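Enquirer: Chain order of the listed sequences is A and B. No gaps in the numbering here: position 6 of the first sequence is 6 in my numbering, and each next residue is one more. No gaps in the numbering here: position 138 of the second sequence is 138 in my numbering, and each next residue is one more.
In case anyone wonders, no lab produced these hints; they're calculated from the structure. Because the structure is a prediction, the values reported are computed rather than measured. Don't be surprised by glycine CBs; every beta carbon is placed ideally from N, CA and C. Possibly wrong hints are sitting among the right ones.
Per label pair, the in silico range of CB-to-CB distance [stated by the list, open to error]: (1) A:W54 with B:P158: 53 to 59 Å; (2) B:D251 with A:P30: 28 to 34 Å; (3) B:T224 with A:G147: 57 to 63 Å; (4) A:P204 with B:G107: 37 to 43 Å; (5) A:P88 with B:D230: 53 to 59 Å.
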Amino acid sequence: MGFFHRHRGLTPYLLLAPGMLWLTVFFVVPLGFLAYQSLQSGNFDVGYSFSWAWGNYWHAVRDYRAQFVRSLEYAGIATLLALLVSYPVAYWIAFRGGRWKNLLLLFIVAPFFVTYLIRTLAWQTILSDNGFVVHTLQHLHLLGSGGRLLATSTAVVTGITYNFLPFMALPLYVSLEQIDPRMLEAAEDLYASKLHAFLRVTLPLSLPGIVAGTLLTFIPAAGDFINAQLLGGPDNHMIGNVIQSKFLELTDYPAAASMSFILMAGILVAVAFYARIVGTEQLTGTPV
Amino acid sequence: MNDQLTRRQLLERAALGGAAISVPGLLAACGGSGTKAGGATSTGAQKLASTLHFSNWTLYIDVNNKTKAHPSLDAFQKKTGTHVDYVEDINDNASFFGKIQGPLSRGQSIHRDIVVLTDNDRYLGLMLKKGWAEKLDKSAIPNLKNLVAVQRHPNFDPNRDYTLPWQSGMTGIAYNDTLTDPVLDVTDLLENPKLKGKITCLNSMGDALTIVMLSNGDDPTNVTDKAFNDAFNRIKKAADNKQIRAFTGNDYAPTLAKGDLAAAMSWSGDIAQIGNKHIHWNVPKDGGALWTDNMLIPKGGDVYTASVYMNYVYDPKVQGLMEAGDPKRNITGIYYIPPVIGAGTWAKRYDPSVASNPLIFPTEKMLSSVKIFDNKALNNQKYLTQWNDLISG
Numbered sequence: 001m002g003f004f005h006r007h008r009g010l011t012p013y014l015l016l017a018p019g020m021l022w023l024t025v026f027f028v029v030p031l032g033f034l035a036y037q038s039l040q041s042g043n044f045d046v047g048y049s050f051s052w053a054w055g056n057y058w059h060a061v062r063d064y065r066a067q068f069v070r071s072l073e074y075a076g077i078a079t080l081l082a083l084l085v086s087y088p089v090a091y092w093i094a095f096r097g098g099r100w101k102n103l104l105l106l107f108i109v110a111p112f113f114v115t116y117l118i119r120t121l122a123w124q125t126i127l128s129d130n131g132f133v134v135h136t137l138q139h140l141h142l143l144g145s146g147g148r149l150l151a152t153s154t155a156v157v158t159g160i161t162y163n164f165l166p167f168m169a170l171p172l173y174v175s176l177e178q179i180d181p182r183m184l185e186a187a188e189d190l191y192a193s194k195l196h197a198f199l200r201v202t203l204p205l206s207l208p209g210i211v212a213g214t215l216l217t218f219i220p221a222a223g224d225f226i227n228a229q230l231l232g233g234p235d236n237h238m239i240g241n242v243i244q245s246k247f248l249e250l251t252d253y254p255a256a257a258s259m260s261f262i263l264m265a266g267i268l269v270a271v272a273f274y275a276r277i278v279g280t281e282q283l284t285g286t287p288v
Numbered sequence: 001m002n003d004q005l006t007r008r009q010l011l012e013r014a015a016l017g018g019a020a021i022s023v024p025g026l027l028a029a030c031g032g033s034g035t036k037a038g039g040a041t042s043t044g045a046q047k048l049a050s051t052l053h054f055s056n057w058t059l060y061i062d063v064n065n066k067t068k069a070h071p072s073l074d075a076f077q078k079k080t081g082t083h084v085d086y087v088e089d090i091n092d093n094a095s096f097f098g099k100i101q102g103p104l105s106r107g108q109s110i111h112r113d114i115v116v117l118t119d120n121d122r123y124l125g126l127m128l129k130k131g132w133a134e135k136l137d138k139s140a141i142p143n144l145k146n147l148v149a150v151q152r153h154p155n156f157d158p159n160r161d162y163t164l165p166w167q168s169g170m171t172g173i174a175y176n177d178t179l180t181d182p183v184l185d186v187t188d189l190l191e192n193p194k195l196k197g198k199i200t201c202l203n204s205m206g207d208a209l210t211i212v213m214l215s216n217g218d219d220p221t222n223v224t225d226k227a228f229n230d231a232f233n234r235i236k237k238a239a240d241n242k243q244i245r246a247f248t249g250n251d252y253a254p255t256l257a258k259g260d261l262a263a264a265m266s267w268s269g270d271i272a273q274i275g276n277k278h279i280h281w282n283v284p285k286d287g288g289a290l291w292t293d294n295m296l297i298p299k300g301g302d303v304y305t306a307s308v309y310m311n312y313v314y315d316p317k318v319q320g321l322m323e324a325g326d327p328k329r330n331i332t333g334i335y336y337i338p339p340v341i342g343a344g345t346w347a348k349r350y351d352p353s354v355a356s357n358p359l360i361f362p363t364e365k366m367l368s369s370v371k372i373f374d375n376k377a378l379n380n381q382k383y384l385t386q387w388n389d390l391i392s393g
């Protein structure tokens with residue numbers, strides 16, 4: 001006790017230590033190793049050696065630009081869709097859920113007790129050529145008679161949207177739930193229409209949730225490869241599929257490592273851009 | 001070519017239960033394996049471990065459907081006292097190799113005594129080339145004489161010093177007769193407009209290229225750049241114009257059974273296991289591929305115990321049960337193609353329908369038309385890169 005009194009300045013560092021240690025061992029060190037590997041040259045048979053091989057990065061961009069762009073595109077669309085689906089649901093649970101709130105939240109989370117792979121395989125059945133969804137769409141002439149959903153970009157984006165839905169819905173719920181309903185009453189007292197109250201009060205107050213949700217969805221979605229693998233066709237593959245194949249099939253570790261860094265950089269740029277637009281204070285959830 | 005003939009002869013003997021040669025041999029083999037553990041071998045250092053760690057592919061050994069036990073492994077324990085820690089943790093060669101290459105390259109043990117890798121993928125050859133496999137203790141494997149001849153001198157391990165086949169399979173074409181007329185050759189599969197978007201191609205380069213090269217009139221056992229390019233471009237064209245819906249591992253099987261696919265480039269064993277009467281499998285008109293999964297002892301594994309186990313599975317009586325299962329005792333077999341002479345005779349006793357199934361004990365005609373893909377081409381970095389860019393692009 002006395003030690004902490006005398007060295008009060010140390011307390012924050014001691015509190016930080018476990019987290020810092022964790023991140024150092026499991027994030028910074030592997031990342032450093034990955035960076036080192038990304039600049040190696042050679043091949044698996046003779047072994048790889050470090051040689052500042054910046055060419056790995058250039059080759060990755062030159063040969064796989066389509067997959068990089070596609071990954072950001074699919075992840076972006078899926079994030080937007082997840083937001084559009086989740087917002088009304090989270091809103092309804094937060095403001096109208098009453099005593100059923102916890103149960104309703106459980107309904108959102110429950111499917112995710114099943115593993116990721118099984119959930120994605122289930123979508124293979126849902127979107128099957130002979131399934132209910134395709135038949136209905138064909139009936140409504142939204143899909144040609146020979147049309148299908150599996151092995152198309154629609155299926156991949158649908159799969160990603162579904163698989164990352166809770167990462168969007170839960171932060172949204174948390175920020176919506178914290179809104180004091182008296183604020184909305186006040187807005188009405190000040191002659192705001194329902195729409196106006198939503199746009200001027202609810203939406204800005206829920207921005208931290210939107211920002212957190214979009215980031216939690218977009219970042220892992222951009223690196224995803226399972227959905228493209230199981231629901232997509234050969235021309236729907238994302239950069240995650242390429243990295244996986246470089247790493248496992250070709251044992252070309254430097255190429256896989258450099259692509260991982262490019263993906264990371266691409267996501268950072270996209271996020272920085274996004275943060276500029278919505279304002280950085282939203283990222284940390286400081287009230288407006 | 002030579003390989004095909006010898007394999008054919010020997011499998012034929014196995015499949016038809018060719019009495020004269022195999023029966024006395026196999027009786028001797030049974031006796032041999034029975035006493036061997038006791039002390040048939042003279043080297044004092046040879047001692048059985050209490051546990052054998054065996055990593056294999058899923059659904060690749062006999063299983064009692066009720067208890068989920070593996071009768072052949074239980075019998076091995078009874079006979080030798082060695083418990084087999086049997087783990088089904090291999091789903092594809094690449095991921096498994098990715099998992100074990102780290103420790104092996106640092107000279108660490110991976111705590112396994114036997115692993116199973118396929119000869120139509122590059123990793124089996126790599127394991128040997130890198131020196132990551134232990135030499136078999138052939139003195140403990142007298143049953144080696146039961147190995148079918150075609151498998152005795154593969155080009156990645158010419159004297160079978162490091163590997164022994166576990167099971168083989170064929171690559172051909174499967175189709176669903178409710179959705180299409182019979183699809184019997186590669187041209188139909190890749191170019192029939194009625195099948196557009198309704199077929200899949202295997203993502204394993206060796207399998208896919210073998211049957212396309214045969215259709216092109218090229219020799220897949222000795223790949224030239226031109227043969228590679230022709231076959232590759234033909235597949236790429238089919239992918240570009242959306243004839244090919246996806247490149248798959250064995251995940252095509254449920255999709256085919258469900259009816260989303262009309263036909264698929266396919267492995268014989270998957271179709272034997274599905275057992276759906278509307279799904280037919282055939283060797284393409286111009287020939288199919290033959291591949292083999294091989295057991296090997298990774299560096300640091302217990303050579304003697306692993307060798308004793310390999311000897312055990314090369315006993316035709318044991319192999320017959322593993323292959324065919326035993327319907328009377330509710331045991332399901334492996335249903336791929338066994339590499340052991342005499343297995344067919346025993347399989348017939350357990351389940352005659354398995355012994356007469358051409359997907360498990362192939363006919364002479366089938367075996368004469370399947371080829372083994374050129375091992376050199378599997379490790380050609382240029383081919384591999386092109387192929388992987390196609391399937392993941």
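Enquirer: Given a hinted range of 53 to 59 Å, is it respected by the beta-carbon distance of P88 (chain A) and D230 (chain B)?
Expert: 55 Å, holds
Enquirer: For the range 57 to 63 Å, tell me whether the beta carbons of T224 (chain B) and G147 (chain A) fit it or not.
Expert: 41 Å, violated
Enquirer: Given the hint of 53 to 59 Å, check if W54 (chain A) and P158 (chain B) actually sit that far apart at their C-beta atoms.
Expert: 42 Å, violated
Enquirer: Check the following: the C-beta atoms of D251 (chain B) and P30 (chain A) are separated by a distance inside 28 to 34 Å.
Expert: 30 Å, holds
Enquirer: Taking 37 to 43 Å as the hint, is the beta-carbon distance of P204 (chain A) and G107 (chain B) inside that range?
Expert: 60 Å, violated
Hint check: violations occur at hints 1, 3, 4; the rest are consistent with the structure.
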